[in-house]
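Visitor: Sequence:
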Amino acid sequence: AEQQEKLSKINRLQEKNGSWQVGNPDVYYKTAFPSVTGFVLNLFDALDYKSPGIDSAYHFLLNHQLENGSWGQEWEYYGCSGYALWQCLPAIKRCSFGKEAFEKAKAFVLSQQLPDGSWPVTEAGNTNHISAELQTAFMLTCLQPETDEVSKKAIEKGISYLLSKQLPSGAW
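Its first residue numbered 3, the sequence shown is counted upward by one per residue in my numbering.
Quick caveat, the hints were computed from the structure, so don't treat them as lab data.
If you anchor each label on the Cβ, the simulated ranges turn out as follows:
no.: 1; residue 1: Glu69; residue 2: Gln23; range: 17 to 27 Å
no.: 2; residue 1: Lys101; residue 2: Ile161; range: 21 to 31 Å
no.: 3; residue 1: Ile12; residue 2: Glu69; range: 28 to 38 Å
no.: 4; residue 1: Ser171; residue 2: Gln5; range: 34 to 44 Å
no.: 5; residue 1: Leu116; residue 2: Ala173; range: 20 to 30 Å
no.: 6; residue 1: Leu165; residue 2: Ala3; range: 42 to 52 Å
no.: 7; residue 1: Leu116; residue 2: Leu169; range: 12 to 22 Å
no.: 8; residue 1: Ile12; residue 2: Trp174; range: 29 to 39 Å
no.: 9; residue 1: Ala3; residue 2: Ala48; range: 16 to 26 Å
no.: 10; residue 1: Asp150; residue 2: Glu4; range: 39 to 49 Å
no.: 11; residue 1: Ala48; residue 2: Gly25; range: 18 to 28 Å
no.: 12; residue 1: Ala3; residue 2: Phe99; range: 25 to 35 Å
no.: 13; residue 1: Gln23; residue 2: Leu165; range: 35 to 45 Å
Computed from a predicted structure; not experimentally measured. We treat Cβ as the ideally placed atom computed from N, Cα and C, and that holds for glycine.
All chains, please: the whole structure from these sequences, using the hints.
Guide: Structure, rendered in structure tokens:
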């Protein structure tokens with residue numbers, strides 16, 4: 003009962019446009035990040051919470067997907083495309099009317115992998131200077147549930163890359 007009440011409280015925070023807003027006080031404008039809506043949709047799914055606004059949340063994600071298939075990158079979230087993708091992609095996969103958007107996002111993830119198995123970090127405007135290892139981990143998380151051969155090969159290459167970069171201490 004307590005869990006359902008907390009989920010209901012989160013549900014009531016949904017905006018009219020279908021999104022959930024960032025709750026970070028350091029973010030002053032453009033607070034409707036797709037990743038936040040993805041996080042909420044994935045939470046609701048994991049806890050089997052039925053939100054009456056779920057279709058508007060899916061529409062929010064679909065309407066904010068970029069032409070390249072990603073949901074962009076923002077400084078608040080490491081300045082990398084993988085951050086939004088690792089939340090939006092699984093949410094969209096469950097959406098009955100999101101198949102095309104899912105395939106577009108998955109194609110973006112696959113197309114970005116470098117020959118060494120990593121995924122690139124775009125430095126333009128990125129003040130967080132994240133590592134290729136973090137971006138690769140985000141992208142691998144996107145592909146992890148996929149069973150097609152192209153995804154499996156990309157996962158293998160990505161894991162090999164990460165293992166090659168692991169420090170003797172176990173860290174990256």
